[in-house]
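Engineer: Listed below, chain by chain, are the residues.
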Amino acid sequence: MLLSILYIIGITAEAMTGALAAGKRHMDWFGVMLVASATAIGGGTVRDILLGHYPLGWVAHPQYLVITCVAGLLTTVLGKWVVRFHKIFIILDAIGLIVFSIIGCQVAITMGLSPIICVVAAVVTGVFGGLLRDMITRRKPMVLHKELYASVSFLAGIMYITMLHFNVPADITTLVTLAVGFSLRMAAVFFSWSLPVFKFEEAKA
Amino acid sequence: MLLSILYIIGITAEAMTGALAAGKRHMDWFGVMLVASATAIGGGTVRDILLGHYPLGWVAHPQYLVITCVAGLLTTVLGKWVVRFHKIFIILDAIGLIVFSIIGCQVAITMGLSPIICVVAAVVTGVFGGLLRDMITRRKPMVLHKELYASVSFLAGIMYITMLHFNVPADITTLVTLAVGFSLRMAAVFFSWSLPVFKFEEAKA
Amino acid sequence: MLLSILYIIGITAEAMTGALAAGKRHMDWFGVMLVASATAIGGGTVRDILLGHYPLGWVAHPQYLVITCVAGLLTTVLGKWVVRFHKIFIILDAIGLIVFSIIGCQVAITMGLSPIICVVAAVVTGVFGGLLRDMITRRKPMVLHKELYASVSFLAGIMYITMLHFNVPADITTLVTLAVGFSLRMAAVFFSWSLPVFKFEEAKA
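From first to last, the protein sequence lines are chains F, G and Z. UniProt numbering applies: residue 1 is where the first sequence begins, and numbers increase by one. UniProt numbering applies: residue 1 is where the second sequence begins, and numbers increase by one. UniProt numbering applies: residue 1 is where the third sequence begins, and numbers increase by one.
By construction, these hints were calculated from the structure, which means they are not laboratory data. There's no promise every hint is true.
Intra- or inter-copy, both count: the list cannot distinguish identical chains.
Straight-line alpha carbon distances no greater than 30 Å define the calculated DSS-like cross-link-like pairs of lysine-lysine that follow [stated by the list, open to error]:
(1) K24 x K80
(2) K199 x K80
(3) K199 x K140
(4) K24 x K140
(5) K140 x K80
(6) K24 x K199
Since the model is a prediction, treat every value here as computed from it, not as a measurement.
So here's chain F without its partners, still in its complex pose:
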């Protein structure tokens, strides 16, 4: 299944970005594995906890956790290589974002939840891994500041459930959502599209 292959590629790439963030904070190998795993499978974990969808993906399939830990540890050796090919990682990260969003939608649909919650599940799955990474490594949360990221996840979720609603076959829905979502994210990176920022300065605190 295409989605499974892309999912494994996605968690591997996300785990590597998590490991780099841990390296910038001079964490030890355990910290590297923790941040790598939180980045890669934290979004799905938060989604499942919010929806009460047990067992969690990595509890039922511990091999995913093994993949993210190994990818994290490999990054401690291959760090410079990862940075040199960082353009590939932008592409892999975009694939991961859309795959995670689609899987999030699917889980919520399977549970019979309302369309709003399906879209929320897409965004949580796509975005919370990076958010957890930035909270553990105490960085400014990237997903809340940089180019369209959560919004792409949001639109991918809406597209996915809308197409299913109009009885488009599931395979075609997945492929079209992947293609459109990926293109949108790459365009956002390329053209630096971003959401308006809310700057608020308190005159008197």
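Once you've looked at the hints, dock chains G and Z against the given chain F.
Structural biologist: Relative to the frame of chain F, chains G and Z by itself:
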């Protein structure tokens, strides 16, 4: 039902304070909606996850999530107005604190949990929204430092379950808890009542 | 039961270290109780939420929560005493680490989970309390930097399930894991054993 109306007022006001905190960190619209929602419904979410009380309130009633997101986005336009009327927000926040505490108690009572856990549920519901807001926006957690806040939630929880224990009718219990809790919180703000602070300096680290 | 007695000693000691961390941040009594409880029973709470193991330990047995709150408040009075005897706390913390790890394993085994997840449950139970403490008090997460800590929990988990797998009686397995894990942790402190650290500096951000 009075409590439902006050609950909607409460989450709207809390969402707005969350949006202002996001604005101080120059977050984009997605960040504003995230922090607004975490502030308003994060306390109930943490409580339900701790108690295993599924589905979560906003998963069963997505309209609450829509309210907090809209309130957050409106704040990006009305920010200055919100600050000008900040005294109203202190009042709305106090109402929200007591309403959240009462609802937290009710959930735990419905699940047949022990009185201690009912009071804990009240405090978690009342306090964790603000705590999540301060953790995501990386501020000093207000609820752990400023005037009586968690303590008011604690006392409201104790009052609520004590009155029910002595067979006071539920409506009267709710109204009295609201009145006393609200007054206590306003008095704490007005007179700057606060819990003793534990200052600990390590001689040799 | 030995394990129960050691568990109560462990959460008391962990609660006290949490209270000291809260004191360094000048938190009020509520903050002290919150950080003390998160440190002492946060690891088990995160484990149970991840595994979907309800009700949580302290919800079913609120007396544990009372112990951690009282221990936290006592520390506000006895802070200097706690520091003077900090060597005892290193010993109690090591006992707590192994007891928490064993209990984490036992919970996962009871749920019929795979060996990998049993070891993960051990590490989460042993380590996440300290991680939560450091996140709430906004400190550099100690467990991701200092001498072998998570690794000791990891090895204790592997030893425990391996011995059970080879039909060693449960009591003996527990005692041997306690003795070896405790010795390993104390040796790590004494000889400053630590995991390799991953230092990654980004040439161009």
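Engineer: Can you list which hints this structure breaks, lowest number first?
Structural biologist: Going through the list in order, the structure violates no hint and respects every one.
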